[in-house]
Amino acid sequence: MEEYFKDLNPQIKEKALKIKLLVTDVDGVLTDSGIIYDNSGMEYKRFNAKDGFIVLPLRKNGILVGAISGRKSKVVEDRFEELKFDFHYHGIWDKDKKLREILEVLEISYEEVAYIGDDMIDLPLLDKVGLACCPNDTLPYIKNKADFISSFPGGHGVFREVSDMILHSKGLLVEVIERYTKK
Numbered sequence: 121m122e123e124y125f126k127d128l129n130p131q132i133k134e135k136a137l138k139i140k141l142l143v144t145d146v147d148g149v150l151t152d153s154g155i156i157y158d159n160s161g162m163e164y165k166r167f168n169a170k171d172g173f174i175v176l177p178l179r180k181n182g183i184l185v186g187a188i189s190g191r192k193s194k195v196v197e198d199r200f201e202e203l204k205f206d207f208h209y210h211g212i213w214d215k216d217k218k219l220r221e222i223l224e225v226l227e228i229s230y231e232e233v234a235y236i237g238d239d240m241i242d243l244p245l246l247d248k249v250g251l252a253c254c255p256n257d258t259l260p261y262i263k264n265k266a267d268f269i270s271s272f273p274g275g276h277g278v279f280r281e282v283s284d285m286i287l288h289s290k291g292l293l294v295e296v297i298e299r300y301t302k303k
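Under the working numbering, the first residue of the sequence shown carries the number 121, and numbering increases by one thereafter.
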């Protein structure tokens with residue numbers, strides 16, 4: 121596992137050490153940005169199971185997990201309930217205002233937040249959080265705001281890679297993996 125993050129910038133690792141809350145956007149991060157509707161108006165989204173699998177280990181290691189999405193979607197709400205996200209908000213256009221409210225309640229600073237975003241609506245948060253992250257298939261002006269650019273495109277394990285990187289930086293990833301390999 122050490123070799124996977126061997127080239128991790130020490131400044132990113134230092135920022136990751138402070139993280140108490142990981143917040144993500146949905147479309148373009150947890151999904152590939154595709155929105156599929158059938159003829160009866162049913163919405164379909166495809167999520168990466170690896171992204172979902174890391175939520176419990178994050179929470180067990182004291183890292184809160186949340187989502188703030190610009191769109192309202194029952195499918196997405198159901199997914200976050202299934203994964204037991206600490207919070208999720210939908211239809212939020214002023215994500216900075218919402219995160220500020222959340223941080224006041226949780227008594228967490230922006231510096232202690234990692235955020236994963238992929239589009240213009242995410243720029244205010246990418247500018248303020250302690251660890252700004254994005255998928256590798258986002259636009260250059262989003263990448264320019266990111267501390268960490270995932271090696272994956274949206275919907276293909278971005279959330280998992282960021283989570284693993286945070287756990288690795290805190291010296292917890294090997295222990296998390298060993299929980300699944302010990303009999």
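Check each hint, because a few of them may be wrong.
[Said to hold, decoys possible] In silico DSS-like cross-links for lysine-lysine, where the CA-CA straight-line distance does not exceed 25 angstroms:
1) 263 - 248
2) 133 - 192
3) 133 - 265
4) 180 - 138
5) 217 - 192
6) 302 - 263
7) 138 - 302
8) 302 - 165
9) 217 - 170
10) 248 - 218
11) 302 - 170
12) 138 - 170
13) 204 - 290
14) 218 - 126
15) 204 - 217
16) 170 - 204
17) 165 - 140
18) 265 - 217
19) 126 - 265
20) 170 - 192
21) 218 - 192
22) 302 - 180
23) 265 - 180
24) 140 - 290
25) 180 - 192
26) 133 - 248
27) 265 - 138
I should point out that these hints are in silico values taken from the structure, not numbers from a laboratory.
Verification of the hints:
A distance of roughly 15 angstroms separates the Cα atoms of residue 263 and residue 248; the hinted pair therefore holds under the 25 angstroms criterion. Proximity of residue 133 to residue 192 is assessed by CA-CA distance (about 34 angstroms); at most 25 angstroms being required, the pair is judged violated. Our distance criterion of 25 angstroms between C-alpha atoms is met by residue 133 and residue 265, whose separation comes to about 17 angstroms. For the given pair, residue 180 sits about 16 angstroms from residue 138 by alpha-carbon distance, which is consistent with the 25 angstroms threshold.
With a C-alpha separation of about 17 angstroms, the suggested pairing of residue 217 with residue 192 holds against the 25 angstroms cut-off. Between residue 302 and residue 263 the alpha-carbon distance is near 39 angstroms, which puts this suggested pair outside the 25 angstroms criterion. At roughly 29 angstroms between alpha-carbon atoms, residue 138 and residue 302 are farther apart than 25 angstroms, so this suggested pair is violated. Of the supplied pair hints, the one linking residue 302 and residue 165 is violated, its CA atoms being roughly 34 angstroms apart against a limit of 25 angstroms.
The suggested pairing of residue 217 with residue 170 is violated, with an alpha-carbon distance near 30 angstroms, which exceeds 25 angstroms. At roughly 13 angstroms between alpha-carbon atoms, residue 248 and residue 218 fall within 25 angstroms of each other, so this suggested pair holds. As the CA atoms of residue 302 and residue 170 are separated by approximately 20 angstroms, the hinted pair is consistent with the 25 angstroms bound. With a CA separation close to 24 angstroms, the supplied pair residue 138 and residue 170 stays within the 25 angstroms bound.
Straight-line distance between C-alpha atoms of residue 204 and residue 290 comes to about 22 angstroms, which keeps the hinted pair within the 25 angstroms bound. For the given pair, residue 218 sits about 35 angstroms from residue 126 by alpha-carbon distance, which is inconsistent with the 25 angstroms threshold. For a cut-off of 25 angstroms, the pair hint linking residue 204 to residue 217 stands: about 23 angstroms separates their Cα positions. With a C-alpha separation of about 15 angstroms, the suggested pair residue 170 and residue 204 falls inside the 25 angstroms cut-off, and the hint holds.
As the CA atoms of residue 165 and residue 140 are separated by approximately 28 angstroms, the hinted pair breaks the 25 angstroms bound. A threshold of 25 angstroms between alpha carbons decides the hint, and for residue 265 with residue 217 the separation of about 19 angstroms falls inside it, so the pair holds. Between residue 126 and residue 265, the direct Cα distance comes to roughly 23 angstroms. Compliance with the 25 angstroms bound is thereby established for this hinted pair. As the CA atoms of residue 170 and residue 192 are separated by approximately 23 angstroms, the hinted pair is consistent with the 25 angstroms bound.
A distance of roughly 15 angstroms separates the Cα atoms of residue 218 and residue 192; the hinted pair therefore holds under the 25 angstroms criterion. Restraint check for residue 302 and residue 180: satisfied, since their Cα atoms lie roughly 18 angstroms apart, inside the 25 angstroms limit. The suggested pairing of residue 265 with residue 180 is violated, with an alpha-carbon distance near 30 angstroms, which exceeds 25 angstroms. For a cut-off of 25 angstroms, the pair hint linking residue 140 to residue 290 stands: about 11 angstroms separates their Cα positions.
Distance hint between residue 180 and residue 192 is unfulfilled; the C-alpha atoms sit about 28 angstroms from each other, more than 25 angstroms. Straight-line distance between C-alpha atoms of residue 133 and residue 248 comes to about 17 angstroms, which keeps the hinted pair within the 25 angstroms bound. About 19 angstroms separates the Cα atoms of residue 265 and residue 138, which keeps this hinted pair within 25 angstroms; it holds.
Figure legend: structure checked against the earlier numbered hints; hints not met, in rising order: 2, 6, 7, 8, 9, 14, 17, 23 and 25.
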